[in-house]
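Trainee: Just need the whole structure built from these sequences, with the hints factored in.
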Amino acid sequence: MSIDTSKVADSNATSAAKASKPSKAGAVATWADDRLGLAGAMKKNLRKVFPDHWSFMLGEIALWSFVVVLLTGVFLTFWYVPSMGEVEYQGSYDPLRGVHMSEAYASTLHLSFDVRGGLLLRQMHHWAAMIFIASMMIHLLRVWFTGAFRKPRELNWVIGCLLLFLGTLEGFTGYSLPDDLLSGTGIRAADGFLKATPVVGSYMSFFLFGGEFPGESIIPRLYTIHVLLIPGLLVALVAAHMLLLVYHKHTQWPGPGRTNDNVVGYPMLPVYAAKAGGFFFIVFGVVAIMGATMTINGVWKFGPYDPTKVTAGSQPDWYMGWPDGLLRVIPGWESVIGGYTISWNVMIPILITPPALLVLLIMLPFIDQWITKDKRDHHLLQRPRDAPTRTAIMVALMTFYGLAWAAGGNDIIAIKLHLSINQITYFMRGALFIGPVIAFIITRRWCISLQRHDREKLLHGYETGVIMRSPDGGYSERHLPISESEAYRLTARDREKVFTADGRIDENGVAAPGGRLDGVRAKLSTLMYADNIQKPTRAELEEAHHHAEHEKALTAALTGHAADGHQFDGKRPVDDEALRGD
Amino acid sequence: MAGLVVLLLALLLTGGAYSLFSPGATAGQADTSAEDVTKGRELFLVGCAFCHGRNGEGVLTVEGTQYGPALSDVGGASVDFQVGTGRMPLAQPGQQAERKPPVYTDEEVRQLAAYVDTLGAGPAVPDESAYTLPSDFTDEERESAITRGGQIFLTNCTACHNFDGAGGAMPRGGYAPTLRGVEPKYIYEALLTGPQQMPTFSDGNLTPDEKRDVIAYLEDTGAKPAYSGFGLGNLGPVSEGLFAWIVGIGLLVGFAIWIAAHTTRSSRQKPGGSSNLPVNLSDGEPGSPKGGNA
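Line by line, the protein sequences are chains G and W.
If you count by the numbering used here, then the first sequence holds residues 1 to 582, one letter each, in order.
If you count by the numbering used here, then the second sequence holds residues 1 to 294, one letter each, in order.
Source of the hints: derived by calculation from the structure; they are not laboratory data.
There may be inaccurate statements among the hints.
[Said to hold, decoys possible] Selected chain G positions facing chain W (Cβ under 8 Å, derived; list incomplete):
hint: 1; residue: Val286
hint: 2; residue: Gly298
hint: 3; residue: Val310
hint: 4; residue: Met398
All values derive from a computational prediction rather than experimental measurement.
A virtual CB, placed ideally from N, CA and C, is assigned to each residue, including glycine.
Mentor: Here it is, written out as structure tokens:
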């Protein structure tokens, strides 16, 4: 063992030993660190650990598609003119040449046909926006199904819901900007929704449009909302969402070595940065391919907006499809009070149900917590089957959403599947109420059956598919014990306790305050937990292991011998083997 | 009974003879002869009279609704459209007569039209010059005709037939069919006669030139390249949403699974090998049937 001592001071001379000159990169880093002090923060965060699972990347799809939306959106603003001033189109698309239209629509046509790459970027912007909202939704579903919304992450759930809401609004304002026939029809519908508001409806409409519809202000106003107000809020909320993610640390699946107090995974640099960075390019690539090959909103076919025109297939973008569906299937209920019409047929599907469902969505973690009274920190995820009622609630909501969404495309379904649009409407009126209930029951029972299956696997092992025949002719399937890590994974959950409201009445027969509420909570807790299959106890497991030992002893004579015919499985030499003694 | 049959036969003969010798509504038209009318009537009696009546007077059901409507004033254009596009004869009763391969030859359709033309004062089969832009149009005139046709199309047609003529839904299983792949003649005839649920666009409503321009717009946009890639059926936002979810989210979730399945490793060799048997049957050792988390 030799040490290079040439650089070590070897004398007490007056000049001190000097470190060698740092590399150029090091010099730049030192320069920056002296002024910004980033080293301290980086040192910690570059080693930040993220757990690895495909479902943790769904939110990343949302993040990266949002980045694509921002990048392409900036490009579009260079050419788009947010004005309702009337011009005569003289661009490249000849079927519209000479037609009078707004500058907004003319500039969208110019962007599509006369700006190099403009149509591609426009289509990428639109596809990325659709994917942005879709990926937020599947991310939300993942978070709910795995219980990642539980304390301490409830506020991040709220932020996520707000992002979903703002993303939808952002999408709607963007849909309205080209001022083509479709987007104008959308604005007209929004105007109708505003005017359906009792008392203040027409005031709100006149305020938004700067007078009677359509006026000349709506496009510039929507533009400001679309490129400044909502994107600013979105960026701020995305930042808050991610900061909270870093602060809380990412949740992980339970497993050997993974506990509620640690995070097992890969460090930010180099592994996770490479994976996430790579994923950005994949998202960008998928959006680019879609933008290049698939038409989205070919505005030149719609022509300029004109309140006297409308087209079949006038639908909002997909994320507004479900309120549109509710609007399509609701009966024409109206009542007249003192000479004023109350349009229930617009208020219920548009002004009441969507906001109510948004509030319910935001409140879900708090409702869950109120029923479970679980105030502990949770960093380990639950499998959907281990919270059957919770899973079933979301599936019921999804069913409602999906049916309402399908109702929004009732005309397209009618012509493509050769159905009657009336029959679809009648079906949906019932299905919207019955469907979620059926979905709830099926999902809950399904989850409980899966829990039962897990319990079977823990107690009796997994099914090998090997059928044994006993000397007296009976057949049985051989079970083998599951691996220890698998068993750990299946048992890494709490044993649940049903809340009971007993003992809340004192000896004088006086109920404790809040007793009635406790009764409700007890009922809900029963619904939530009472039918769940709990993991086996230690005694049950030991009993099962004992049983397995016994079973193994019974078949001990077979050990080392493949069942007849199974020796030809290609995994062992078969030179001396004979089949059925021939 | 025999008397009734004789009477009916006599009436039939008289009617037939009348229709043979009467000048009819389109006597001036050069390409239909009396022979065409006779042959058309023969075809009519075999293929159409069951529902439309032997003299095209229509047949009522017991409830008083129409079994087959009267054809007295529908004109040859209507016959040419309904029979030429295969909508008539009906394959089966239903909400709407569907377009299908025509049963009659062009010659037979012409004869049927000639016969029905004699039943009243409906529009005749239009001449080709009615639905094609004149060949002596300058480029500028052509372009402005197409632009004008586009605006008329957006005002009058898109509400049912969709912005690209891809078709749309009508109440109770009815539908406005696609206009793509439909011969200009039939579009012109449909405008003239208003088949099924379609309103009639009379010449007072849309002048013949305006009808011609709408057809020119459809021909022009149909011949244009798809500037923006696959049209996804040209059905508007519903099919776009479907593709955003299936192609967009489908691909991206697929990639997410792919990325998560490929973790870091220090050598090019994949961990595990061919001996990664889930079940070791011979000695009954515990095996792991599955990896992964969910």
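Trainee: Please go over all the hints and tell whether each is borne out by the structure.
Mentor: Each hint tested on the structure:
1. Val286: Constraint on Val286 of chain G satisfied, holds at 5 Å.
2. Gly298: holds, 5 Å
3. Val310: holds, 5 Å
4. Met398: With a closest approach of 13 Å, the Met398 of chain G hint is violated.
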